[in-house]
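Add chain X to chain P, keeping to what the hints say.
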Amino acid sequence: MEQLNAWFVELLSNNDIFTANTLGYYLDGLGNTVSLVFLSLIIGLLLAVPLAIARGSRRKWIKWPIFFYTYVFRGTPLLIQLYMIYYGVVFIEGIQDTFLWAILKEAFYPALIAFTLNTAAYTTEIFHGAIKATPRGEIEAARAYGMSRALMMRRIIMPSAFRRALPAYGNEVIFMLHASAIASVVTIMDLTGAARFVYARFYAPFDAFLFVAAIYLCLTFAILYLFRYLEKKLLAHLKPING
Amino acid sequence: MIDLQGYGPRLLEGALVTVEVAVLSLLLALILGLLTASAKLSRNVLLHRLATLYTTLIRGVPDLVLMLLLFFGGQIGVNMITDWLYYQFGVDIFISINEFVAGVVTIGFIFGAYMGETFRGAFMAVDSGQLEAGRAYGMSNRLIFRRIQFPQMMRHALPGLGNNWMVLLKTTALVSVIGLSDMVRIAAEATKATHEPFLFMIPVALIYLLIASVSEWGVARLQKRYNVGFGEADEWNN
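Residue numbers (the working numbering), protein chains in the order written: chain P, 1 to 243; chain X, 1001 to 1238.
No lab work stands behind these hints: they were computed from the structure.
Each computed DSS-like pair below joins lysine-lysine, with the alpha-carbon atoms no more than 27 Å apart:
no.: 1; chain 1: P; residue 1: K132; chain 2: P; residue 2: K233
no.: 2; chain 1: X; residue 1: K1224; chain 2: X; residue 2: K1170
no.: 3; chain 1: P; residue 1: K63; chain 2: P; residue 2: K132
no.: 4; chain 1: P; residue 1: K132; chain 2: X; residue 2: K1224
no.: 5; chain 1: P; residue 1: K105; chain 2: X; residue 2: K1192
no.: 6; chain 1: P; residue 1: K132; chain 2: P; residue 2: K232
no.: 7; chain 1: X; residue 1: K1192; chain 2: X; residue 2: K1170
no.: 8; chain 1: X; residue 1: K1170; chain 2: P; residue 2: K63
Covered stretches of chain P (in silico footprint by chain X; criterion: 3 or more residues with CB under 8 Å from a CB of chain X, positions within the stretch not fixed):
no.: 9; stretch: 68-80
no.: 10; stretch: 174-188
no.: 11; stretch: 210-220
Idealized CB from N, CA, C, for every residue including glycine.
Okay, chain P solo, but in the shape it has when bound:
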C-alpha cells in the first residue's frame, strides 16, 4: 500500500496534465455523469412500466398517444430533444423571476428531463415487446385459476416480461451512458465536459480524451457484467439442463 501510494505520488508529480487538480475535474465529471444517468434511468423505468402496459391496451385513445410519443422520441436525435427542452425552459418569458429559476438555471435539470423522456420511450417499447411475447399458455392458465386482470398482470405477466426484457434493457442502460456524453454540449461538467475542459486548458487531445474513453470503457464493462450476472440469476430456469 505504501509503495502503491508512493508510486502514485511519483506519477502525479512527473506529470503536467494529470495533476490532482485535473483528476478532481474528472472525479466531479464522473459524479455528474453517474447521477444523471442513474436518475434518468430510474425515473424512466418508473414511467415506462405503466406506459408499456397501457401501450398494449385495446382502446385506441390510450394506445395511439403512447405510440406517438415513443415514435417521436425514438425517431429523433437526443441532441434535438435536449436542445428543445434546454432552450424551451430558458427562453420562457419571465421564468428568470420565478422561484423555479434557481433550479432550472442549472443545465442539469433540463438535461435530466430530456434523458428521462428519451429512455422512457425506448424502455416502453422494450417492455411492450416483452409483454407481447408472453406465452399464451401462461395467460390461459392464469385465467383458468380465476385470476383478475390486475392479479394476472402482477403475478404472471410482469415477472416473466421483466426477465425477457433484461438483455435488451441492459443494452439500453449502456446506450444511455454513452448518450449522456452530449450533456457536455449544454455546459454540464460531466465526464466528457471535464475532458473538453482539460483539452482546452492543456491543448492535449490524446491525454484528455483517451483517459476519459478509458473511464467510459470501465463503466460500460461494469454495466455489462452486472447485467450478465442478473441474467444468470434471473434466467437460470431457462437454461438448457445440460448447459
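Below, chain X without anything else, positioned relative to chain P:
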C-alpha cells in the same frame, strides 16, 4: 405558413449536409463491417483478435468522445505522420482533418463495428450446404460469394442493417458539436439568435422523422427483394 425568419434555405442546406454525412459514413461503415466480419470469421488468430478488439473498444466508448478525439487529435496525429514522412523520405504532403472528414470517419468507424456484428451473424446463418453446392458446380470462391453467399447473407443482415442505419442517422446530429453546419447546428444557431426554441427544432425533428420513414419503406422493399424464393413461411416468422 410558418415564418422561419429567413433561416429556411439554410436549414435545407443543413439537411443536405446531414444526408451527405449519413450516406458517406454508411458506405464507410458497410465496408468496414464486411472487413470486420471476414476478419472475425477467418481462421487467422491475429485478424480475429484485432477485429474483436476493434468492436469491443468502439462499442464501449461514447460516439461523442471518439468524435472529439478524432477532431481535436486527428490533425495532430496526421501532422506527426506527415512530418515523419517529410523528414525521413522528403515526401511533402498536407492532409487537413476538417469537421466533415472527422464526422464521417468517426461515424463510419463506430458503425463499422456494429455492422461487423450484424454481418458476422448473417454470414453464419447461411446454410453451408449452399456453399458446398456452389463448389460442386465448380464455381470459384469469388463467384460463390457473389451469386450464393452474398444474396443469402443479405436476407439475414437486412433487418439489422436497417436498425443500424436508423441509429446512424440520429448519430449524425453529433457533427454539429464539432462545428459542422448540419441542420441541428443551424437550428441551434437560429434558436440562440431568435429565442424561439421550437420554431426551428420541430422542423428539424420532422425532417429526421421523414428520412427515417422513407428509409423504413426502402428497407422493407429491399427485404422483399432478398426474400424472393423463401415464401410466406418466413414472413410469418418475422
